[in-house]
Amino acid sequence: MTRNIALIRGDGIGPEIVEQALLVLNKVAALYGHTFTYTDVDMGGNAIDKWGDPLPQEMLQKCLDSDSVLLGAVGGPKWNDVPGPMRPEKGLLRLRAGMGVYSNNRPAKIWPQLASASPLKQEIVDKGIDFLIVRELTGGIYFGKHETLHQDGESVAVDELRYSESEIRRIGRIGFESARKRRGKLCSVEKSNVLDSSRLWKKVMHELAEEYPDVTLSDMLVDNCAMQIVKDPSQFDVIVTENMFGDILSDEASMITGSIGMIPSSSLGDTTCGLYEPIHGSAPDIAGKDIANPIGTILAAAMMLRYSFDLAAEADAIESAVSAVLDQGYRTADILPDQATGCIKVGCKEMGRLIIENLTKG
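Per the numbering used here, the sequence shown starts with residue -13, numbered consecutively.
This list has only true hints and no planted wrong ones.
FRET-style restraints, in silico, Cβ to Cβ:
(1) Gly274 x Ser150: 44 to 50 Å
(2) Gly315 x Lys131: 50 to 56 Å
(3) His136 x Asn210: 33 to 39 Å
(4) Asp296 x Lys131: 36 to 42 Å
(5) Met230 x Asp276: 35 to 41 Å
(6) Lys107 x Met230: 27 to 33 Å
Honestly, the hints are just simulated from the structure, not real lab data. Quick reminder that beta carbons are idealized off the backbone N, C-alpha and C, glycines included.
Take these sequences, add in the hints, and give me the full structure.
Here you go:
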């Protein structure tokens, strides 16, 4: 397989962590006989410095011409005073819009070696935490009509929650396809006991289920889901939900895993060209010090192989290598326990090297 990957190294620790992911991808290519080529793309603060624009059209086109995009992180205090439309984060919003990605997919997985970092009780963690939240990214209440009116002598604020069948159907397909590539269980989360939009959501999801007989669909109200994520997260495989519910639930899920440095994410649309990135920020205070954790970015690369390139074995190999390195006791500073008995502190480059060393063809 030959694939071209757009690399957005970005700002802060972005270049360091993307470099380690690139080296891991090169090892995968060598082991499995693939060819990965790379196109560097400027976006964020570095693009502002170089081009006066957080995402020049030429750079967006490079992403659109690629088979997928791997992003490190953008932003930092250096660009806090630039005009709003020119902030580094605006480049990311324009990239998502330009790529037409409407599905944000964030896994919540706790590595057994880091179980003590979870705020949940040990008996809950021991049952396992490994699920994926598929969040609709471009519709719902965030993109509806917003207005503040003056009525009867007081201010009244109105936010419109709107979904069409087609919007629900396309995100629903992402949920079903993701479950098909995992353990075959999909939980559709809504508030159908109150909201018309949720009743439509539930109806469309059950219509879609007829096309996926190999996936078991269940329904859950969002308030119950929020409770179940902390009560028994092991019950979930894939959760699919609307924009605001997904925003809240995915943040809740990230906290129960113990460290945001380990969590990747993807954003997908109607094509296999996706945007893959870790969920943490650019951490400019530690940039260039070789202490950043590259695992979230390396696992984002594994997600790219699994969901955009349909290379499940290769993705499994990367995840197995990460697990092996954690088994050996190696930790970057952010995942080093206070009681570090048996653990060995390593930097960004060394963590990448160790993962590559443990990367074998399954």
